[in-house]
Amino acid sequence: MTLSPAARWALRAAMALGLTFIYVPLLLVLVNSFNGDRTFAWPPHDLTTRWWAAAWASDGARQALLTSVQAALGATATALLLGTLVAFAVHRFAFFGRDTLSLLIVLPIALPGIVTGIALDSAWRSVMGELGIGKGLLSVVVGHATFCVVTVYNNVLARLRRTGTSLEEASADLGAGPWQTFRYVTFPLIRSALLAGGLLAFALSFDEIIVTTFTAGPGLTTLPLWIFTNLFRPNQAPVVNVVAAVLILLSVLPVWVAQRFGSPTQDANITD
Amino acid sequence: MDAGVDGDQGVSMHRHPRWQLAALLTAPVLWLVVAYLGALGVLMVSAFWTVNGFTGGIVREFSLANFRTILGEEVYRTVTLRSVGVAAAVTVICVVVAVPMAFYMAKVASARARPWLVIAVLTPLWASYLVKAYAWRVLLGNGGPIDSLLGGPGRGPGYGLTATVIVLAYLWLPYMILPIHAGLDRLPDSLLEASADLGARAGHTLRRIVLPLLVPPVAAGSIFTFSLSLGDYITVQIVGGKTQLIGNLVYANIGAAGNLPFAAALATIPVLIMVIYLIAVRRSGALEEL
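Residue numbers (this note's numbering), protein chains in the order written: chain X, -6 to 265; chain W, 22 to 311.
Isolated chain X, as found in the complex (with noise of 0.2 Å):
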């Protein structure tokens, strides 16, 4: 299709203003971070590095990170392993519910976060509250994983759609024992769909905030729930700042290591 200069300029425009309006709210998170005005009065006047060590010092904030750290891994491994069953089982085998069972994947994440809190929040009061085992680490991790195996789920049946089972075949006819075709030939093929739905469900966990205010227990604090807190306190607002802009920063990591690990072509090779 030919399009006309004016039509390419105007998507040009509206490319460059997407961008502009995607970018710009973030950059003046990073600017701001070093505005001596407390209020951030803009534009700023003095620039100072004071926030940024007052931020590394904070002790709240350095625990929540621990804290976002070991649920997003708990709730990671937990997606990976459930996703990564269901995808097989959709995918090597016909069985009753098949299409019920992969509307019910989607489904924690479809429906608002508020509506899987409360059900969780009171499931887990009700059940393992009376075994006990009051609310913490686990029924945060819990919560996160419900969510988050989507994502695992998708990029693995994606790739299995895709490489189909020939090669396991291959590999079983040339006397390999199952333990040898998972390790050789099924792992290396879908590796790559792990990482990037593993990626995807580390960073899900790491950012959500609503599930997480009714699954965390009154003495936990997830880096989301502590910004929320010190967000309405105008002593914290830089420090707050100071976080959002290492947020901003670390948000590169996880695209980097997808670049850099996840290319589809890298085992594309062995099944074209």
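Okay, the calculated beta carbon distance ranges per label pair:
(1) X:Leu188 x W:Val296: 30 to 40 Å
(2) X:Ala0 x W:Leu85: 50 to 60 Å
(3) X:Val250 x W:Ala273: 39 to 49 Å
(4) W:Leu212 x X:Leu96: 28 to 38 Å
(5) W:Leu85 x X:Thr158: 49 to 59 Å
(6) X:Gln56 x W:Leu208: 48 to 58 Å
(7) X:Phe254 x W:Arg228: 34 to 44 Å
(8) W:Gly175 x X:Leu20: 19 to 29 Å
(9) W:Leu293 x X:Ala87: 23 to 33 Å
(10) X:Ile126 x W:Asp206: 39 to 49 Å
(11) X:Gly210 x W:Ala273: 19 to 29 Å
(12) X:Val250 x W:Val63: 37 to 47 Å
(13) X:Ala70 x W:Leu208: 30 to 40 Å
These stretches of chain X come out as covered by chain W in the derived footprint (C-beta under 8 Å, 3 or more residues):
(14) 78 to 84
(15) 104 to 115
(16) 194 to 205
Now the stretches of chain W that chain X is said to cover, found in silico as 3 or more residues with beta-carbon under 8 Å:
(17) 40 to 47
(18) 54 to 63
It is worth saying that the hints were derived from the structure and are not from the lab. Each residue gets a CB set at the ideal place from its N, CA and C atoms; glycine is no exception.
With chain X held as given, fit chain W onto it using these hints.
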């Protein structure tokens, strides 16, 4: 993950697909069906319970009182309509902004620029939701950058319903761009050329070839933008001023009021809307695009 593929009884399991399937499905089904769906089910049932006004205890007897209140009182209708309106407005804004961007990324930009544009759109997706809402709180604040850009304190939209819609659209925009981009990327250039060769002008090709193919990815993206906006109560607290959405009412009934059955009854509204939405969208084949 390898329970069904290997293990001590690897050989015997290999011969018994039924056992393999059971090994693969037991844990996920226990988790998602028994635990998650069970919890949701109990929540939906508790919507028909009530709270004793004197003791504050939950009365486990069937009653339609909660739903009668929701249907009868003006405020719940207003808030529901407002929430659906916000979710719809956010979705429309996202589509309008995302389609030209995705089209440029997939079909117009040079081959070298394309992967970088995808990365540029993808990266903010990993930045924290709260951080982005917070950035807008600073932007929209009284005397903040937007105000000074428009000529002084109070000139910008400030905190409120407009701000909520803008910020939600900002938050979910990448979720709309990515599926549309993926859909356009799959669309072979030869198809567009064929249309041109057969005499269609660019506008005609857009309407007759590109737009119909955009329906499934737009529907997929709208699941995110619509559902995420419908359930939100955090953004609205950060930039919404006094605006209330369904999520705020549900939250207030659990927290301050301690009326879980009524909160559950309120929560059935977005669930019902989303289930209808998902079923409608499934027909377009959008669930495969997620």
